[in-house]
Amino acid sequence: MGDWFEHVSMGVLAVFKFSPDFLLFGLELPITLLMVTGGFLVGIVVGSTPGLAGPMAMAVALPILISIFGYHKEALLPVFGFLIGIMKGATVGGAVPAILFNTPGTPDAFMTTLDGYPMAQRGEAKKALKIAHVSSASGDTFSDIVLILCAPFLAILVERYLDFPEKAALLLLSLTFIAAVIGNSAGKGLIAVGLGLLAAFVGTGEDFSPRLTFGSEALAQGFSVGAAVLGVLIVGEVFKSMQDLRDEGIQRQAATRNNTQTDQGTMSWSLFRKISPYIARSAIIGTTIGALPGVGSTLAATLGYSTAKKIHQKKGQAGVAFGYGAPEGIAATEAANSSVSGANLIPVLSLGIPGNAAAVFLILAADSIGGFNPGPSVFRLSQGTINPELVVVFGIFTIMMIANVLNWLIGGKFMRAMGVMTKVPKHYLLPSILLLTLTAIYIQETRLTAVWFTLGFGLLGYLMRRTGISPLPFVIAFILGGRLEETSRQAFSATGSDPLFLFSSMTSSGLMLAAIAVLVASMWSRRNTNA
Amino acid sequence: MPLANLNRWLGVFALLFCGATLFLWIPFDVDTGMVEKVRRQIRLGDAFAPTIAALLIRLGGLLVLLQRPTKPLPDKSEAPLRSPDSSQLATANRLLQPKDLAFSLYIILLVTIALMLMRYAGPMLLLLLEGPDMQYRLLRDTAPWKYIGFVVGGMFMVTSLIAFSEKRLRFSHFLTAVFVVLLLIAVYDLPFDDLLLPPNGDV
Numbered sequence: 005m006g007d008w009f010e011h012v013s014m015g016v017l018a019v020f021k022f023s024p025d026f027l028l029f030g031l032e033l034p035i036t037l038l039m040v041t042g043g044f045l046v047g048i049v050v051g052s053t054p055g056l057a058g059p060m061a062m063a064v065a066l067p068i069l070i071s072i073f074g075y076h077k078e079a080l081l082p083v084f085g086f087l088i089g090i091m092k093g094a095t096v097g098g099a100v101p102a103i104l105f106n107t108p109g110t111p112d113a114f115m116t117t118l119d120g121y122p123m124a125q126r127g128e129a130k131k132a133l134k135i136a137h138v139s140s141a142s143g144d145t146f147s148d149i150v151l152i153l154c155a156p157f158l159a160i161l162v163e164r165y166l167d168f169p170e171k172a173a174l175l176l177l178s179l180t181f182i183a184a185v186i187g188n189s190a191g192k193g194l195i196a197v198g199l200g201l202l203a204a205f206v207g208t209g210e211d212f213s214p215r216l217t218f219g220s221e222a223l224a225q226g227f228s229v230g231a232a233v234l235g236v237l238i239v240g241e242v243f244k245s246m247q248d249l250r251d252e253g254i255q256r257q258a259a260t261r262n263n264t265q266t267d268q269g270t271m272s273w274s275l276f277r278k279i280s281p282y283i284a285r286s287a288i289i290g291t292t293i294g295a296l297p298g299v300g301s302t303l304a305a306t307l308g309y310s311t312a313k314k315i316h317q318k319k320g321q322a323g324v325a326f327g328y329g330a331p332e333g334i335a336a337t338e339a340a341n342s343s344v345s346g347a348n349l350i351p352v353l354s355l356g357i358p359g360n361a362a363a364v365f366l367i368l369a370a371d372s373i374g375g376f377n378p379g380p381s382v383f384r385l386s387q388g389t390i391n392p393e394l395v396v397v398f399g400i401f402t403i404m405m406i407a408n409v410l411n412w413l414i415g416g417k418f419m420r421a422m423g424v425m426t427k428v429p430k431h432y433l434l435p436s437i438l439l440l441t442l443t444a445i446y447i448q449e450t451r452l453t454a455v456w457f458t459l460g461f462g463l464l465g466y467l468m469r470r471t472g473i474s475p476l477p478f479v480i481a482f483i484l485g486g487r488l489e490e491t492s493r494q495a496f497s498a499t500g501s502d503p504l505f506l507f508s509s510m511t512s513s514g515l516m517l518a519a520i521a522v523l524v525a526s527m528w529s530r531r532n533t534n535a
Numbered sequence: 242m243p244l245a246n247l248n249r250w251l252g253v254f255a256l257l258f259c260g261a262t263l264f265l266w267i268p269f270d271v272d273t274g275m276v277e278k279v280r281r282q283i284r285l286g287d288a289f290a291p292t293i294a295a296l297l298i299r300l301g302g303l304l305v306l307l308q309r310p311t312k313p314l315p316d317k318s319e320a321p322l323r324s325p326d327s328s329q330l331a332t333a334n335r336l337l338q339p340k341d342l343a344f345s346l347y348i349i350l351l352v353t354i355a356l357m358l359m360r361y362a363g364p365m366l367l368l369l370l371e372g373p374d375m376q377y378r379l380l381r382d383t384a385p386w387k388y389i390g391f392v393v394g395g396m397f398m399v400t401s402l403i404a405f406s407e408k409r410l411r412f413s414h415f416l417t418a419v420f421v422v423l424l425l426i427a428v429y430d431l432p433f434d435d436l437l438l439p440p441n442g443d444v
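These protein sequence lines are chains A and B, in that order. So the numbering used here is basically just the index in the first sequence, starting at one, shifted up by 4. So the numbering used here is basically just the index in the second sequence, starting at one, shifted up by 241.
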């Protein structure tokens with residue numbers, strides 16, 4: 005127990021540490037704290053801008069952060085601080101254009117438009133923003149507490165009871181689950197997973213000659229994680245959005261009426277009491293959804309909203325109906341989508357499996373800097389020795405709580421000032437994002453080949469979107485591919501070259517059967533839904 | 242394209258791709274088999290993992306072929322940028338159409354021209370101004386040479402793509418491109434001595 009407290013205190017102190025490398029007028033600065041604050045404010049700006057979102061800002065910021073802080077373990081917490089700040093800020097900021105202009109700043113704020121915009125049209129925009137902020141901050145804080153309580157125990161369970169065959173089976177189960185739940189077709193999810201794995205295996209392997217390269221020198225080094233992730237997630241989306249804009253034509257935002265005399269942006273105690281059960285319910289829904297790898301905040305927001313709507317109708321509660329400017333609708337959506345962000349880190353920290361696009365960039369940061377490999381081993385404790393990775397984990401938990409405090413203190417005021425960001429024209433933004441992304445890739449890899457690869461993956465991401473294939477299973481499979489192969493090799497050796505190594509124990513057999521059951525259940529449920 | 246047709250094409254493509262990977266790509270481009278014997282121990286070879294990946298694609302293709310035709314649902318996944326609002330849902334969730342090929346070709350063409358300009362503008366200008374005796378490589382980290390390729394290529398990329406989206410060319414597109422390129426130089430180049438803007442790491 006004493007060891008745990010030592011790690012916790014070291015993690016907390018590392019975040020508040022004043023760095024001699026960063027001076028202002030000769031005074032040392034608490035650099036991680038500053039980075040969390042900066043990232044949080046940038047996140048709100050990004051979330052408030054339709055066409056931008058947290059993962060995109062994280063992608064662009066990463067090479068700059070690495071240039072500032074370098075490739076050593078002291079860089080981990082400041083870099084994570086900025087990225088986590090963006091992740092949290094973007095979720096809050098997404099409500100701003102949703103309420104003011106009926107345009108969700110982030111995908112998960114779509115349901116916020118249903119009640120937020122009608123409230124704004126009634127002249128209650130500030131009040132709607134206040135409700136969104138309080139709900140979002142509450143959901144986020146709850147989710148982080150669950151993360152802090154659950155992740156270590158899950159990781160310890162995995163470390164204690166799972167050997168190599170079970171770990172390989174768990175990775176396969178995770179990939180199957182992601183393939184089955186993301187998007188609208190388990191088959192398409194599996195195609196995305198297969199392609200992601202195949203791309204990860206290019207140019208790698210244990211043999212002296214690199215595999216699957218067609219004899220090309222450029223492919224012999226394999227595809228970098230950055231090129232694949234940024235290409236499929238960011239460039240692919242830019243291409244698709246550009247075509248949508250070209251097809252739809254450029255549209256201008258409609259302004260909302262702002263009745264400043266009656267709308268002071270405050271929330272009465274009675275209103276808070278009215279919406280708090282909705283916040284609590286959605287926070288639980290969002291946290292549960294968020295803990296499952298691959299299931300994003302958009303689904304959490306949809307479930308939170310629809311559950312709240314059903315309960316509201318069932319109870320026959322007085323007031324405005326859902327869809328016509330109900331404060332409960334905004335509260336349910338914002339609490340649900342914000343409570344995903346903390347819980348999404350449960351599979352990242354305890355299993356090393358990224359659950360969403362933001363988590364992918366956190367893993368990418370850890371991978372680029374080195375010295376921290378998310379997974380169950382980071383929670384390993386040896387008597388009398390300090391595990392630096394565990395210190396980083398508690399530093400991350402501290403960063404998340406600091407971001408929550410910032411959210412409560414300044415998030416509301418800052419987000420209310422961000423309405424102006426919705427005026428940035430999206431068709432000007434998209435090509436700028438493309439140039440930014442390609443520049444970021446080049447800065448990291450210093451070769452044009454990486455830029456071409458990124459564009460190639462971007463085209464793949466575009467085609468995947470156009471064929472109804474979600475790109476996220478591809479990205480997650482790409483990231484996990486190397487680990488899956490390595491664990492399988494170890495499991496094969498550990499079981500004495502047993503060809504059925506994935507079924508060598510009750511646990512691994514159970515995990516494999518669960519993987520098959522997930523696929524079958526997914527096919528079955530879609531069959532029934534569509535019938 | 243109707244979803245049923247698209248799924249059929251996608252399923253067939255997945256099966257063909259899997260067949261080509263299993264019977265051509267892996268046998269000809271991976272030196273070890275599914276398993277290999279190293280110092281009297283049998284261990285997994287380099288072909289094992291790609292084979293599993295190809296089989297997953299095959300399984301996915303089969304499931305897609307077996308899937309009943311359905312109406313497309315909004316994707317529940319977390320899109321990295323933003324999801325469409327209701328007015329745009331029909332356009333944004335539409336499936337592959339022949340015009341998408343033309344769009345892809347346009348985009349590839351514009352971005353390729355931009356990257357070519359980025360790569361060769363600096364060396365070409367140096368050749369014109371200083372002759373063949375001066376090498377660009379020696380000047381790649383000195384202003385103004387280090388900016389020329391990035392400014393020319395970057396401005397072309399941003400201007401042409403905005404104009405492509407808006408279906409017309411305006412002066413404001415050019416001004417936006419200037420602003421974006423200068424901003425990127427300010428963010429990535431001015432504060433750091435060790436970072437190279439494209440294409441200066443390749444030349």
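Take these hints with a grain of salt, some might be off.
As the list claims (entries may be wrong) - Okay, the calculated bits of chain A under chain B, using three or more residues with CB under 8 Å as the criterion:
#1 207 to 213
#2 233 to 247
Stated by the list, open to error - Residues of chain B clear of chain A, computed beta-carbon distances all greater than 10 Å:
#3 Leu257
#4 Gly260
#5 Ile267
#6 Leu303
#7 Pro364
#8 Pro373
#9 Leu380
#10 Pro385
#11 Trp386
#12 Tyr388
#13 Val393
#14 Gly395
#15 Leu410
#16 Leu425
#17 Pro440
#18 Asp443
Just so you know, the hints here were simulated from the structure itself, not pulled from any lab data. These numbers were taken from a predicted model, which means no experiment stands behind them. We put the beta carbon where it would ideally sit given N, CA and C, even for glycine.
Evaluation of the provided hints:
no. : hint       : in the structure
1   : 207 to 213 : holds (count 5)
2   : 233 to 247 : holds (count 9)
3   : Leu257     : holds, 12 Å
4   : Gly260     : holds, 13 Å
5   : Ile267     : violated, 7 Å
6   : Leu303     : violated, 7 Å
7   : Pro364     : holds, 13 Å
8   : Pro373     : holds, 23 Å
9   : Leu380     : holds, 17 Å
10  : Pro385     : holds, 18 Å
11  : Trp386     : holds, 17 Å
12  : Tyr388     : holds, 12 Å
13  : Val393     : holds, 12 Å
14  : Gly395     : violated, 5 Å
15  : Leu410     : holds, 13 Å
16  : Leu425     : violated, 5 Å
17  : Pro440     : violated, 6 Å
18  : Asp443     : violated, 5 Å
Hint check: violations occur at hints 5, 6, 14, 16, 17, 18; the rest are consistent with the structure.
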